[in-house]
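With the sequences and hints as input, model every part of the structure.
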Amino acid sequence: MRIALTRSGGFAGLTLRNEVDTAHLPAADRHAIEELAAAARAAPLPRESPAHPDSIAYEVDIDGKPYVLHDGKMPAPWAQLIDRIVLLGTAAAP
Amino acid sequence: MRCHHIAVCGFIPPDILDHIARNGDQKQQDRARHALEASAEMRGERRALGAIPGLLAVAPGGKRRTVYDAKKTRDLPGTVVRGEGNPASKDPAVNEAYEGSGKTYDFYKAVYGRNSIDDHGLRLDSSVHFGVAFSNALWNGKQMVYGDGDDKLFNRFTRSLDVIGHELTHGVTQYSAALPYHDEPGALNESFSDVFGILMKQWTLKQTAAKSDWLVGEGIFTKQVHGVAIRSFKAPGTAYDDKVLGKDPQPAHMKDYKHIQTDAGGVHTNSGIPNHAFYLLATMLGGKAWEVAGKIWYVTLTQKLHGETSFQQCADATYKTAAELFGAGAAPQQAVLQAWKGVGIDISAALVAAGPKLTVKKPEVVAFEPPGAAAEVPNLDVTAPRRRLSVK
Numbered sequence: 031m032r033i034a035l036t037r038s039g040g041f042a043g044l045t046l047r048n049e050v051d052t053a054h055l056p057a058a059d060r061h062a063i064e065e066l067a068a069a070a071r072a073a074p075l076p077r078e079s080p081a082h083p084d085s086i087a088y089e090v091d092i093d094g095k096p097y098v099l100h101d102g103k104m105p106a107p108w109a110q111l112i113d114r115i116v117l118l119g120t121a122a123a124p
Numbered sequence: 064m065r066c067h068h069i070a071v072c073g074f075i076p077p078d079i080l081d082h083i084a085r086n087g088d089q090k091q092q093d094r095a096r097h098a099l100e101a102s103a104e105m106r107g108e109r110r111a112l113g114a115i116p117g118l119l120a121v122a123p124g125g126k127r128r129t130v131y132d133a134k135k136t137r138d139l140p141g142t143v144v145r146g147e148g149n150p151a152s153k154d155p156a157v158n159e160a161y162e163g164s165g166k167t168y169d170f171y172k173a174v175y176g177r178n179s180i181d182d183h184g185l186r187l188d189s190s191v192h193f194g195v196a197f198s199n200a201l202w203n204g205k206q207m208v209y210g211d212g213d214d215k216l217f218n219r220f221t222r223s224l225d226v227i228g229h230e231l232t233h234g235v236t237q238y239s240a241a242l243p244y245h246d247e248p249g250a251l252n253e254s255f256s257d258v259f260g261i262l263m264k265q266w267t268l269k270q271t272a273a274k275s276d277w278l279v280g281e282g283i284f285t286k287q288v289h290g291v292a293i294r295s296f297k298a299p300g301t302a303y304d305d306k307v308l309g310k311d312p313q314p315a316h317m318k319d320y321k322h323i324q325t326d327a328g329g330v331h332t333n334s335g336i337p338n339h340a341f342y343l344l345a346t347m348l349g350g351k352a353w354e355v356a357g358k359i360w361y362v363t364l365t366q367k368l369h370g371e372t373s374f375q376q377c378a379d380a381t382y383k384t385a386a387e388l389f390g391a392g393a394a395p396q397q398a399v400l401q402a403w404k405g406v407g408i409d410i411s412a413a414l415v416a417a418g419p420k421l422t423v424k425k426p427e428v429v430a431f432e433p434p435g436a437a438a439e440v441p442n443l444d445v446t447a448p449r450r451r452l453s454v455k
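Residue numbers (the working numbering), protein chains in the order written: chain A, 31 to 124; chain B, 64 to 455.
Among these hints, one or two may not hold up.
Think about it this way: if two alpha-carbon atoms lie no more than 25 Å apart in a straight line, the pair counts; the simulated BS3-like pairs of lysine-lysine are [unchecked claim]: (1) B/Lys-205 - A/Lys-103; (2) B/Lys-134 - A/Lys-103; (3) B/Lys-135 - A/Lys-103.
Hint data in this document are derived by calculation from the structure and do not stem from the laboratory.
Below, the structure written as structure tokens:
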């Protein structure tokens with residue numbers, strides 16, 4: 031499973047990208063992330079509404095399918111998935 | 064009092080409001096709490112909300128800070144860790160959020176006579192330790208939210224006093240001009256937050272415009288990042304230049320306005336333009352930036368603007384406000400015109416023509432009468448010798 035995370039906006043107004051190919055991860059990480067991704071995709075996305083000031087927009091691309099979420103309106107599995115990828119990945123300039 | 068307060072507190076009994084304050088959605092809860100507080104004040108009661116969980120029993124209308132610990136989750140607000148008047152915590156993030164929101168409250172009260180975010184004593188709620196390695200601070204429409212940073216690029220966001228002033232000011236904007244968070248109005252929303260964030264810092268440190276570093280978010284980047292701060296009023300676009308983060312993209316002039324899709328149309332990028340205009344104004348006028356430049360910006364934000372607003376409309380509004388506050392044609396109004404011109408925005412010709420004749424020869428040069436003197440001489444002559452104030 032390939033997951034690309036783009037974080038944009040936030041107080042600093044920066045765009046940061048992380049990419050994860052679970053095939054290259056240790057089995058424990060691969061399993062955890064694929065499970066989180068499945069749970070996230072099953073969770074209903076919050077209805078689109080104006081972003082909170084300084085909130086980060088998260089564009090999560092899972093195997094080619096994009097999802098957009100914002101700080102403060104994120105179902106738990108999405109938050110866990112995003113945090114996990116941020117922790118795993120290395121921040122890269124746009 | 065706002066009309067929805069009147070409507071709510073006039074027609075809904077307090078026990079139902081109390082139920083809404085406990086169980087309604089966020090907006091309903093806020094309104095119900097407002098109405099309860101307002102009606103309690105009218106009845107002379109000390110506090111209507113003391114029994115509601117999470118609300119501390121402090122007299123309404125004053126400075127009421129509550130700091131919560133989200134304990135590395137994204138659940139808000141979290142557990143109360145410090146309420147108004149409580150002793151300091153061992154946790155620096157808690158104390159920074161507490162002290163910073165207190166200083167911001169004091170700043171707005173002392174300088175502009177504003178009673179908290181909504182001017183009606185709204186509680187100042189902050190949650191720290193939000194999320195995992197969360198490298199951000201935000202205003203969620205109801206409270207301030209701070210992350211710990213990832214320790215790689217970002218430190219915790221409460222470290223910087225102006226960041227706290229910035230977040231709280233998003234609340235002020237929400238309750239006043241309500242500038243939509245996209246494109247030019249969004250960049251103005253951002254800029255007003257930066258302006259009152261830096262002014263709060265200057266006021267706290269007793270710094271004149273000349274002494275300020277004019278930096279936003281100093282100390283937020285870790286030492287691994289090549290940069291001094293997140294934004295610079297003085298020289299937008301120069302705050303950082305880092306191999307991982309790239310270069311500070313802020314423009315300082317309309318000709319460099321960035322048309323981008325991300326960040327709600329570049330609200331944190333194009334805010335460099337109005338930020339720099341404010342910097343030019345404050346340094347032209349000299350002295351304490353919150354007194355004249357800040358007052359013009361404050362009255363503009365809270366009384367002159369509402370909803371969709373372009374840079375041009377904002378500039379025109381500050382020009383009119385300067386005349387109302389300090390006199391048509393007086394030094395502050397001339398400086399406002401010069402400051403916007405310095406970032407490529409000309410005050411609308413009709414407005415300038417309607418007022419006293421102003422002398423604008425060299426946009427980059429600061430020349431004006433001392434406050435008061437010019438107001439008595441509304442028609443300034445281009446050729447007349449004028450006293451020049453040195454920029455400290």
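Do the hints match the structure? See the list:
1. Restraint check for B/Lys-205 and A/Lys-103: the C-alpha separation of about 13 Å stays at or below 25 Å, so the hint holds.
2. For a cut-off of 25 Å, the pair hint linking B/Lys-134 to A/Lys-103 stands: about 18 Å separates their Cα positions.
3. Between the alpha carbons of B/Lys-135 and A/Lys-103 the distance comes to roughly 16 Å, so the proposed pair stays at or under 25 Å and holds.
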